[in-house]
Structure formats: C-alpha cells, structure tokens
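For the protein sequence lines, the chains are A, B and C, in the order given.
Under the numbering used here, residues 1 to 379 are what the first sequence spells out, in order.
Under the numbering used here, residues 380 to 739 are what the second sequence spells out, in order.
Under the numbering used here, residues 740 to 1042 are what the third sequence spells out, in order.
Worth flagging that the hints you see were computed from the coordinates, not collected in a lab.
Heads up, the beta-carbon is just placed ideally off N, CA and C, and yes, glycines get one too.
Certain hints may be false.
To be verified - If you anchor each label on the Cβ, the simulated ranges turn out as follows:
| id | chain 1 | residue 1 | chain 2 | residue 2 | range |
| --- | --- | --- | --- | --- | --- |
| 1 | C | Ala917 | B | Ile408 | 49 to 55 Å |
| 2 | B | Glu559 | C | Ala858 | 39 to 45 Å |
| 3 | A | Leu324 | B | Glu559 | 38 to 44 Å |
| 4 | B | Val601 | A | Lys36 | 46 to 52 Å |
| 5 | A | Ala317 | C | Pro890 | 56 to 62 Å |
| 6 | C | Pro890 | B | Asn622 | 42 to 48 Å |
| 7 | A | Ser364 | C | Pro890 | 52 to 58 Å |
| 8 | B | Pro448 | A | Ser364 | 40 to 46 Å |
What follows is each chain in one-letter form.
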Amino acid sequence: MRKAKKFAIGALAIATVLTLAACSTSGTGAKTASAKVTTVGFIMVGSTQDAGYNEAVADGAKAVQKDLGTSVKVITADQIPENNSVTQTMQAMVNQGASIIFATSYGYFNYALAFAKSHPKVTVLHQGGYLTGTFPKNFGTYWGQAYDPVGLGGMAAGGVTKSNKLGFIYAFPISQTIANIDAFELGAQKVNPDAKTYVVNTSSWCDPLKQKQAVSALLGQGIDVFSQHQDCQSTVIQAVKTAGKKVVGYHYDAKALYPAGWLTGSAWNWSAIYEKIIGAVQKGTFAGGPYNADWIGSISTGDNPLQLASFGTSVPADLKAKILTEKAALGKPGSSIFTGPIYCQDGSVLVAAGKVATYADTNSFSCLVKGVVGTLPKS
Amino acid sequence: MTVEQSQKIAVPGVSSLRTFAARIPWKRIALVVGSYAACVIVFTAFSAWQGANPLTIIPTMLQSSLLDPSAFSQTLLRAVPVGFAALAAAIPARAGLVNVGGEGQLIMGAVAATGTGLAVGGSIPGVLGILVTVVAGMAAGAIWAGISAALKVWLGAAESVTSLLMNFIANDIMLFLIYEPWKDPNGSGQPQSRPLSDGIRLEPIFGLDINVAVIVLLVFAVGMWLVISKTGWGFALRVTGGNPVAASRNGLPTKSLALSAMMVGGALAGLGGALNLIGVEGQLRPDITETFGYIGFLACFLGRNDPIKAVIAAILFSAIALSGNGLQITEGLDGSVVNVLLGAIVLTMLAVGRRQGETL
Amino acid sequence: MNIVGEILTTAIPGSVAIAYPALGELISERGGVINLGTEGAMLAGALSGFAVTITTGNIWLGILAAVLAGAACGAVHAYAVVIRKANQLASGLVVWFLALGITSVLGASYNGQVVTPLASIPIPGLSSIPVIGQALFNQNALVYVAYILVPGIWWFISYTRPGLILRATGERPAVVFAGGHNPTLVRYVAVTVGSALAGVGGAELALGIVGNWSDDMTSGYGFVAVAVVIFARWNPFGVAIGAYLFGVCLAVSSVVQAQGIAINQYVLDALPYAVTVVVLVVVSAFGRNNAPESQREALSEIQ
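Required output: the full structure, derived from the provided sequences and hints.
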C-alpha cells in the first residue's frame, strides 16, 4: 500500500510535468514548409568539427545551403551511431519535411536502403556504400576513388622522407583502407623506390590515446612521415608536430594545424555532388539517372569528390611538380594508381601487368603490396 | 499505516473522504512534482543557453518522441533492448544481486541469435526459425549472466563487478567474430556479419513501424511482475534478497535461487538482444547495443526493481533519447544534450526520493 | 631502441592516465564508496582542462580546472550516495551519463582544436639508464607526480591518522562515529578527492598525452580504473602495477605491429578484463579478502 501510494505520487508528478509541457505544445511548433522548398537532411556519425571526415560532410552541407539558397532547407544531425538510431533520425527528418536524406557513414548502409524501400517518396542517398543488385527508384550511393589522391599524398611522403620509412595509422582492415595503404606505398615508390610503409591499426575510428600510442610506436621505428585513415586527425597531427616529423592528411585539409610539417593530403569536397543530386531530384530526373546507382567520382572523370589538399611549406618545388604531373596523368580516361603489375607482400599478383584495377576490383583488395611492412589482422 | 487505515483508502466511503483528503501528503507531492519540474526547467535553461528556443524545446521533444505515430513507433522499438536490460537487472535485484552486465548479456544474445539465425535461416523457415533464434539468444544471455552468478555463489566474487567486466569481454568477443570468422564477404571488408535472411526477420505490425518485439516486451513486463509477486519462486527470491542468512536457516536453497535469478535476468537481456537483432538490426555490427544495457540498469533503478515500472522507465528513457533528434534537427542543439536530461531525472530521484530511494 | 624500452615508452603515459583515476577510486573505496562515475569524472576533467588551457593559454590552470571538474562530479556522487544513501552503482552510472552529455554538448566547439601537450622533462642521470631510463624518466610532469603519489597514498593510508580514519570508515563507520569523528564527512571528502584525481587522469589524457579534445575520448578507461583497483586488492602499489599492466595491454598492439608482427588485437583488448575477473575470483575464493568491509556489502547489495 505504501508503495502503491508512492508510485501514484510519482506518476502524478510525471503526468503533471507532461501535461504542462503538452499545454505549451499547442500554438507553437507549426511547420512552415512552402511547396517549392526542398528540405535536405544530412546525417553524420561523428562531430562536425573533427577536422576530418564528418567536418568535410558538414562543410558540404553548409555549402549546399549557401549555393542553392532559398530553394533548399538544410537540416543536419551529427553523432548518430551506426545502429537503428539512424532510422530514428531519418524518420525524424522526414517528420520535419525532409524529402532528400544523405546518410553519410558507411555503417548506415542497410538502414538507409531499408528506409528508402519503406519510404518511396523520400530520396535516400548513402555515402560510401556499394550495392550489387537493383536499386530502388529512390536510392543511390556515391563515393570517390579515394586511392588516387591518396597515392599522390604517398608521393609527397616518399619524396620528403629521409629515413625511407613512412607510417600509416589505420582503424580497421577494411578494403577501402587496404586500398588506401597500398596506394600510399605505390605513390611513395614512384618517387622513392626504397620507401617502406609501416602500418599500425587502432581498432577505433577515433581514439586519441591509441592514435598517440601508434605515433609513438612508429617513431620508435624511425618513421619520419605519417599518414592515416582515421575519422579524426587532430591527435595524430599534434603528435607528429611534437616529434618534429611530417604528416600527410586524409579526409580534411588540416594544414592550419601544422603548416610547417603538413606535406599535403586528400580532402573531401562534397558540395558539387550533393548539389547535382539535389538538382536531379528537384527536376525529377533522379530515378534511372546516374545517381540512382553506384556513382563513383574519379580524377580521370574530373569529378572526384576527394581532392588533393593544399601543399605545406616543406614540399620542394620539383616534388610538387612531379605530383601535379602525376595528377594530370591520372586525369586521362581509364587511368588509376593501381596500374599493373602490382604484387602483394607474398609475391602474388594483385593487379596483372597491363591491367588497371577498377573501383569494384579495389573493393575486394585484401592484401598489402610489396613495400608495406606489417600484416593485417588475419581474416 | 495500519491495515484498517489502508482499507479505508482503498475503498473510501463518503464519510471518510475528508480524512482521505487530509491524509494525502500534499507537501510530499509538491516536493516531488516541483523537483521533476525543476529538472525539466534546468534542462530547458541549459538548452536555451546552448542556443535553443526555450519555448519550443519541450514541444519539439514531445513531437519527435511521443506525439508523432512514426516517432512513437521508433521510441517503442528502441525500448525493446533497453526494457529487457531493465528486466535483466530487476529480477536478480529481488534476490539481492546486482546485475550491471545487461550490456554484455544483450551483446551475447545478439551474437547467439546471429550465429543461430545464419545457421538455420535457410533451413528452418518462419515462426519456428525465429523461435530457435530467440531461444539461442536467451540461452547465451543466461550463460553469460550465469558465469557471474556461479563466481558469486561458489567463489564469492562480487557479481556486480564481474558482470560489469564481462560487458567488455562480450564486446571483444563480438568484435572478434565480425572482424574475422563471421565477416560479411559482401561488406567491402567492413566489420559486420552477413545479414539474416528475411524469413527470420520480424515484420512490421499494425501498419506501423513497430514489430512484435514491442508486444513481447510488454507481455514479459507483466509476466515477470506476476512471477515475482505471485509465485513461490518469486517469494523465495524476495526472502533471500531481504535476509539471506534467515532464508538459508529456513531451508531455502539460496545458492540455486541466486543462480536462477541471475540466469533468468541474463536470459531476459539475451532475449532483448536477440529481438533487437532480428527486429531492427538484421546483422551484427559493432555499435548495435550502444549503451542500452547501462540505460536499462538505470531504468530498473528508476522503476524501483519493479518489472512493470522498470519497463515504463525504459520507454521514458527511449523517448528522451529519441527527442534528441528533434533537438538537433530543429533547435540546432547537440543531440547528446538529452543525456543531460536522462542524468538529471535519475539524479532528481536520488535527491528527492525517500532515503534509500523509496519513491519513484 | 629495443622492444621492451619501446613498449615501456609507449605504455607509461597511458598507464598514468589510468593510474590517477584508479588511485582516486582506491581512496573512495577505502572510505567505503564505489564510484562508477570515474569515467564521467575523467571526461569532465579532460574537457575542462582542455577548454581552460586553450582559453587562458596556461596548461597548469587547465589541470587545476580538471581537478575541480573531477571533484564536482565526485561531490554529486557523494551527495547521492553518502547523504541520500542512494545505490552506489546506479548513482555512479548517472554521473557518467551526466558527464557524457554535458561534455559532449559543451565540448562540441573544442573538437579538432589542439594545444601543445605537457612537455617531456628528462631527469638528469636517471633518464640515461639503459632500456628503462627514457621510458620512465623522460616523461611529463603529471607522470612524475603519479610516481610520487603511489607511495604517498600508501603512506597516507597506512601510517597517518586521517588515513586510519579513512580505512576505519570503510570498515566500521560506527566505530569511527564512536571515536568522535564524522564518517559521513569522511566519506564525502574521500569520494570528492578520489574523483578529483580521476579528473587529473582526464587531464593527463587530454593535456599530457594528446593535446586535444574529442567526444567520449576516455573510451572506457574510467571503467578500467575501477577494475584496476579490484585487481590491486585496494593497495596503491598494486594499483601502480595494475595500471601499468593495463597500459601495456593497450600499447603493446601498436608497438608490436610497428615492428611488422601480426597480433590478435581482440585477445589483447579483452585480456585486462579477463585477468581482473580471474584475480578477483582467485582472491575472493582462496585469499584473504581485504576489500573494505562496508564495500563488500555495497558491492553485492542493491538498495
């Protein structure tokens, strides 16, 4: 009885609070969506200020709002984990009037696809996914050939290193990352055949302590140029700066953090592809169009969303010229850093002589190329 | 309060209405209502300081968690793993055991469900396949919790600590499986298991986004309440939890009671993990439990170890989590701000609840 | 450099980031209160330390802020547990969620920014000892403070009068009360001070090691600290060893990989927790249980 009464008090308390709150609901919260405005939602997995992957997305979203002006209303949500929470967020965005949703983290893929199927009026785009099979009319994936600009960054690293030892800190042995490591080493070899790339994984997309430990461990091996495939890159850059070494960035142009030691890197510039997709949806040409599929930008087609970042002060002019020449060469149709022959560490052939690996090929890469020191966790 | 008095309250005659009114602890109600209102006000002020419009915060939150049917469906779906984790803490608590291992038990439930689902997915279709998958999840949860219980019963190691540590071990086991042996060959090398076949996934019901797992949760909430309050086992648990020495002297099998309470708790969390997997997730991925197990523990605490109240608290917490979406999208706040509200509510309970936290 | 020296060099700063909260947890538990809010106190310490450092430009003010933020988290936990007699485990989790939410919101604008971390100070002579010299004696100031803190806390607990009262409060509060002291006050102070040390652990992470802030950057190290205390059997030297072993487990994978050797990272990640469970079981079953007496109840009792 005592308990029942106390529970009643508690229930009453909550009911009162909810009633008060509900009363204040009426009159406010009216949605003002005029017919011509397209509401576009962007969902990010990390912080919008990570100087990395998510900040690049956030910058793209801002640019969309600025460039397309009053014809769109951009809404964003960040730090949405890769589980059913993203479905909840997509639903919340649709409830806010969103008709286009960009789900920008790899792990959102299945939720985004399922959401597109159950919400035929909403166009759902997934960043980084790759679908084999038929696309629903309102679903598309897009990405860039990341490994080509990463290879250019590798050239900068290979040209600057004095110890011929480069370090690459990655999170998980996924094929995208494997392709990046391979491209980085291949790029380095283009200017410095003796360059070796040492790899360390952190088992996390952003764990500052593990990143710092990885840098420290690599310093012990005499590495003097670092690169990485992590979501956030401040820690690595700061650690490299403290050690007085050089760094090649990824995801975002973070030259400002360490101008003297930043060689170059690759940085996402998403706004162009975002705007093209939004335009296609607004014009009604999305279904069946190039974005209603696996869309992959590349240097050779001139629309790679991942671009070579700015050069730092310590890249010599002749090296810069070599990198830009290589970039121009990659601009020819059908070319890629993965032009055979390319060999795995064990001597087996990764890409045969005379062949060029396609983006789809790289999605099944599972070996590190000759010149990379270290092994992937077994798979 | 004597028996006579309580009967009067239960059936207030006309003559006793005045006495009844006089007996309502107005001060206490004012304190409790005031405290929770203060909690909401503090949260609103904090949000306003962060740049939100104080007048629209609460409506936005309600809209994105409870008032809109599609949002409310998502709230209920999220409540499934949280609610079962809350039950997983509630049952052992009756026997005086602290199960902080809901997170790990959810994970092991999901792991077992994935393994079983992938194995039987093609061969045992329909309801039977779902049943086998779910039972595997329950068994895994029960075993995982059973380890802590066994260490407690036979070796005297505190189950609160071992169950907490085993959360981390469970997570590492799951990561090992999805990075190596169970990795989806079509997943671009990403850490995830192969997706379960559609035959053992839960379908939406009632034309909403919710699936049958929500009903199962509500049934188990009531069922567990009945088990605790109406069965001999439930009574024995309460006696053991109240005074283990006396229980033991009176011939109650305290060891097997402790073991069974913990394992039933683990089975419930395993069930939650399995239902969440075959309901909304469909494949094993690194972050699928988030911190649901810990939030469930807090929900159990807020619900005073009562199965029904614990599940209601789990739904409340899920609604709060969902409301973070609205706050982000329309108010431009950081979505994590809702953790502040969640913490504040439980803290308020700690602060205004009777000593030893007797009130809601 | 040899591999032992390298593992040491890489492991020590991380170990110290675990040792501070573990020592704090030890003080708290010696007084009879378990604090799962340690993770939250570390987050609060890391963010406030970083924010104050970047605002004022003075890293020592940052560390002071971290101490205060940690203490504030502890005060909340102490109020709930000591004054309101709330469930210790639940209250600790609440403090964690509060800190997680607040630091995530307030820290949003600090993501991606950097400060120069605390400088390494080589100790003349000692730092040139072969193998371990650089690893142990070319570190930042917070590392050295931790070296002193371990025997300091041991001495405090074992030989001083306040230390005796602290232990007695953990064992038999009634006796302390009879002796004319206030066990409630002792516990309140112990939890707050312990949590302040966890704040320093956060500062070591954000300011001593990495020089930046990122959301949820403690990645569960606060829970590791709680495990370390149990592993250590409530002994400061044990904490030092435990924190060090856990730190090595965290660091060894990086170092071994950098040498080009494959390693099963999941076993390594799970190892510290598994070892702690084993130690806990072995000691509970066969050893002298030197857990504070009130702690034994608190650990196995809900409300």
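Results for each hint:
1. A hinted range of 49 to 55 Å is violated for the C-beta pair C/Ala917 and B/Ile408, which are about 39 Å apart.
2. Between B/Glu559 and C/Ala858 the beta carbons are some 41 Å apart, a value that agrees with the proposed interval 39 to 45 Å.
3. With their beta carbons about 41 Å apart, A/Leu324 and B/Glu559 fall inside the hinted range of 38 to 44 Å.
4. The hinted window of 46 to 52 Å between B/Val601 and A/Lys36 holds, with their beta carbons roughly 51 Å apart.
5. The hint said 56 to 62 Å for the Cβ distance between A/Ala317 and C/Pro890, and at roughly 57 Å that hint holds.
6. Roughly 43 Å separates the CB atoms of C/Pro890 and B/Asn622, a value that falls within the hinted 42 to 48 Å.
7. The supplied range of 52 to 58 Å is met by A/Ser364 and C/Pro890, whose beta-carbon atoms lie about 56 Å from each other.
8. Here the CB-CB span from B/Pro448 to A/Ser364 is close to 43 Å, well matched to the stated 40 to 46 Å.
Against the hints set out earlier in the document, a violation occurs for number 1 only.
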